[in-house]
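Make the full structure from the sequences, and use the hints.
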Amino acid sequence: MATVFTTKGDMDESLLEKREGVVDNDHEYTKWVEYWHEGELVHRSAHVTLKQAAVWSDSEVAQIG
Amino acid sequence: MANTQSMCTSFMGQLFTGTHNFGVGVTRGSTAADTFYAALFLASSTINASTTAYTGTVGSVAMSGEVSGTNYTPGGTAISSWNAPTATNSSATAGVAFTTPAANVSYTNVTLTTAFDAVLIFNNSQGSSGNRPAVSVHTFGSQTITAGTFTLTMPSNTTTTALLRLSTT
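Chains X and U supply the protein sequences, listed in that same order.
Residue numbers for the first sequence follow the working numbering, beginning at 1477 and rising by one.
Residue numbers for the second sequence follow the working numbering, beginning at 961 and rising by one.
Keep in mind the hints are simulated off the structure, nothing from the lab.
Note that the structure is a prediction, hence the values are computed from the model and not measured.
Be aware that a few hints might be false.
Covered by chain U, according to a simulated footprint, are these stretches of chain X (three or more residues, beta-carbon under 8 Å) [what the hints assert, rightly or not]: (1) 1481-1489; (2) 1514-1526.
Just a sample of chain U residues kept apart from chain X, beta carbon distances all over 10 Å, derived [unchecked claim]: (3) T977; (4) G978; (5) G1019; (6) G1029; (7) A1044; (8) N1069; (9) S1088.
Taking lysine to aspartate or glutamate pairs in the EDC-like style, the calculated list, with each CA pair at most 16 Å apart, reads [said to hold, decoys possible]: (10) K1527(X) to D994(U); (11) K1507(X) to D1077(U); (12) K1484(X) to E1510(X); (13) K1484(X) to E1516(X); (14) K1494(X) to E1510(X).
Backbone N, C-alpha and C define an ideal beta-carbon position, used for all residues, glycine too.
Spelled out as structure tokens, the structure:
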């Protein structure tokens, strides 16, 4: 069985309630996962894929000046 | 033949490597690549294009507004390597220089209970402790982490998606 690192140490995944979610928009693609034990959040991880880059272009400079 | 007014494509790429200095600049100690860090910031903080520096000290003193929590070290995580800066152009006056970290950035087994929504990339090789030059700010949906891992997956290193791009259009 898989184990999950939690606030209570490593726990068997079968003892936990798993919740997952995804955010997908122009800015990011994010997946998160939570594990709950007896109504308490004991683990939450998130993985963010950045989509928008930091860009400096002369068109943006033109807006300044 | 005819001459064409343009910023040289190679110049834009060289801005990423410190080849040119138009003013009184830093004295570089070596030709090695600088070390960059990625620090996380609270949703309640204010970092943006006006942010000039990371004012904490990597490994010991957090910057105002930076996250704190179990297994998170002030300054965040070092970015292990970058793709070699590249410059290309589609015409005499339209070009782009770009680069992206070559690996994802992860914060492992951390607990960050106060919501955060931004990462500040800064240069820990230039400036001085308490005043490390800022590079860029990237935002995302507000997050918390509990005994877990936060990973920033980098975009593809292309002209249109690279993490850092300088362009003329």
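Item to check | Hint check against the structure, violated hint numbers in rising order | outcome: The structure conflicts with hints 8, 10, although it agrees with all the remaining ones.
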